[in-house]
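Peer 1: Position chain B against the provided structure of chain A, taking the given hints into account.
Protein chains: 2
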Amino acid sequence: MVSKNQIKLITGLQQKKYRKQHKLFIAEGIKVVQELLNSNFELQELYTTQTVFQGVTTAKIIPVTDAELKKISALTNPNSCLGVFKMPETKQVTEKGLIVALDDVRDPGNLGTIIRLCDWFGIENLVCSEQSVDLYNPKVVQATMGSIARVNVVYTDLENYITNTRLPVFGTFMDGENVYTQKLPQEGIIVMGNEANGISDAIAQKVTQKIAIPRFGKVQETESLNVATATAILLSEFCRNLNGR
Amino acid sequence: MVSKNQIKLITGLQQKKYRKQHKLFIAEGIKVVQELLNSNFELQELYTTQTVFQGVTTAKIIPVTDAELKKISALTNPNSCLGVFKMPETKQVTEKGLIVALDDVRDPGNLGTIIRLCDWFGIENLVCSEQSVDLYNPKVVQATMGSIARVNVVYTDLENYITNTRLPVFGTFMDGENVYTQKLPQEGIIVMGNEANGISDAIAQKVTQKIAIPRFGKVQETESLNVATATAILLSEFCRNLNGR
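Chains as they are written, first to last, in the numbering used here: chain A, 862 to 1106; chain B, 862 to 1106.
Be careful, since some hints might not be right.
Which copy is meant is left open, so a pair is good if it fits within one copy or across any two.
To be verified - In silico lysine-lysine, DSS-like type, Cα no more than 30 Å apart, as pairs:
hint, residue 1, residue 2
1, 892, 1079
2, 1071, 1044
3, 881, 892
4, 932, 1000
5, 1000, 877
6, 884, 1079
7, 1079, 1000
8, 1079, 957
9, 1079, 947
10, 947, 1000
11, 1000, 865
12, 1079, 1044
13, 892, 947
Worth flagging that the hints you see were computed from the coordinates, not collected in a lab.
Remember, predicted model here, so these are calculated numbers, not experimental data.
Excised from the complex, chain A in its bound form (with noise of 0.2 Å):
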């Protein structure tokens, strides 16, 4: 059973300034829900259509029917449970291997992309800049299937972060040398741009490395790639020379 005023409260965390008031966020999806319990994320209440849950104390399960959980969800098509989360204190990013900085993703889709690849090619910490889209945003919680629990995440003044950093600095542009040639060291800061402009002209003064995913197509029309694919690339550019596991 689910009162109003729970429905209020957890339809409320899809937006940030509920979020932040309450310091609570919401994960959808056995799959998502079960990572964040296997993790450090703390369980306020999980709303589930099943009985049992495993690792999860019965007083905090709370048993709801489709319809409820229809009401309380932010997915179209809910799936059978819903988790409130206690949101954790954010961590300091360790200057150490490979770090991705996003520069004002603003995509829920694209941030959650980018956290499950930083996760598959075991990137510890991600540094977005303040205009980045909430890591809690219900959208981006779904789109990490998981990968939320494994990465260190960190809001910051990018550009005093990129200005203060010892380590090299890589940014795709035009004009840059190709990637594919380079010799990529296994420490540095890669920064991904905002969707629609890229790089910002502020950060783009502090990148140390100007690198490019060259084209291969035949059109010059060829818009430019996904921030998430290339993403994608870049990463397994930098990691191919590690031992994979």
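Peer 2: This is chain B only, laid out in the frame that chain A set:
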């Protein structure tokens, strides 16, 4: 001015059965519409809130208000124009170079992104199983960002196609060979599987070279990569030794 019949026809084109019946599809936004106009796609009608449109005879332009555009648009936030285009005749696949084959990819965003990737990497042919999402689904057309005009997409019985090809057939599997250490040919078919189930058993049996994108993350739980980002990484690997432009 848009009549009720026009609204009915155009919104009907959001469904595959009406697209098939009328042999028409819609594309929205200046960027996508302009790319289709610059290519071989034949425009039926262009609904636009603007007055002038490069390369379109005025007879085909139907001025509309923002409110009218909203009624016919498939987008939540309609752009300034919607073009109704004729579906071209399907071309044959030329057995040449690299070909991407999709084994029941269902998500429109993924198909659109993969078409955009094919365009970037100069892949001319994309073969889709008959259960794959329809190319002319409005969400696919939008996600291609115009690349739909430059990639030949063919729907066919994929098992039959793969059985009869003379080209090597690559597919990604957990137990495949590390793609980063393989010598990859300049000709071949790269099969990408369904979002939830990967490559089907029937197709898996026809794959001549099983490959894998190594996982670098420390934690084993990391989900598989999204099909579009996996395609990005594979196309990058197959193409990185070719001469980029």
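Peer 1: Each of the hints needs a verdict: does it hold here or not?
Peer 2: Structure-based check of each hint:
Taking the shortest Cα distances, residue 892 and residue 1079 sit within 30 Å of each other only across copies (19 Å), while inside one copy they are farther apart (42 Å). In the homo-oligomer, the alpha carbons of residue 1071 and residue 1044 lie at most 30 Å apart both inside one protomer (13 Å) and across protomers (28 Å), since each shortest distance falls under that limit. For a Cα distance limit of 30 Å, the shortest separation of residue 881 from residue 892 inside one copy, 25 Å, qualifies, whereas the shortest one across copies, 37 Å, does not. In this homomeric assembly, residue 932 and residue 1000 come within 30 Å of each other (Cα to Cα) both inside a single copy, at 17 Å, and across copies, at 26 Å.
With identical chains, the CA atoms of residue 1000 and residue 877 are at most 30 Å apart both within one copy (12 Å) and between copies (27 Å). When the C-alpha separation of residue 884 and residue 1079 is checked against a cutoff of 30 Å, the pair qualifies only between copies, where the shortest distance is 29 Å, while the shortest distance within a copy is 50 Å. In the homo-oligomer, the alpha carbons of residue 1079 and residue 1000 lie at most 30 Å apart only across protomers (25 Å), although the nearest pairing inside one protomer, at 36 Å, exceeds that limit. Taking identical chains as interchangeable, the C-alpha atoms of residue 1079 and residue 957 lie at most 30 Å apart only when they sit on different chains, with a minimum of 15 Å there against 39 Å within one chain.
For the homomeric pair residue 1079 and residue 947, the shortest alpha-carbon distance between copies (25 Å) is at most 30 Å, but the shortest distance inside one copy (50 Å) is not. When the C-alpha separation of residue 947 and residue 1000 is checked against a cutoff of 30 Å, the pair qualifies only within one copy, where the shortest distance is 17 Å, while the shortest distance between copies is 35 Å. In this assembly of identical chains, the alpha carbons of residue 1000 and residue 865 lie at most 30 Å apart only when taken from the same copy (24 Å versus 35 Å across copies). For the homomeric pair residue 1079 and residue 1044, the shortest alpha-carbon distances inside one copy (27 Å) and between copies (24 Å) are both at most 30 Å.
Taking CA atoms no more than 30 Å apart as the test, residue 892 paired with residue 947 passes inside one copy only; the shortest distance there is 18 Å, against 42 Å between copies.
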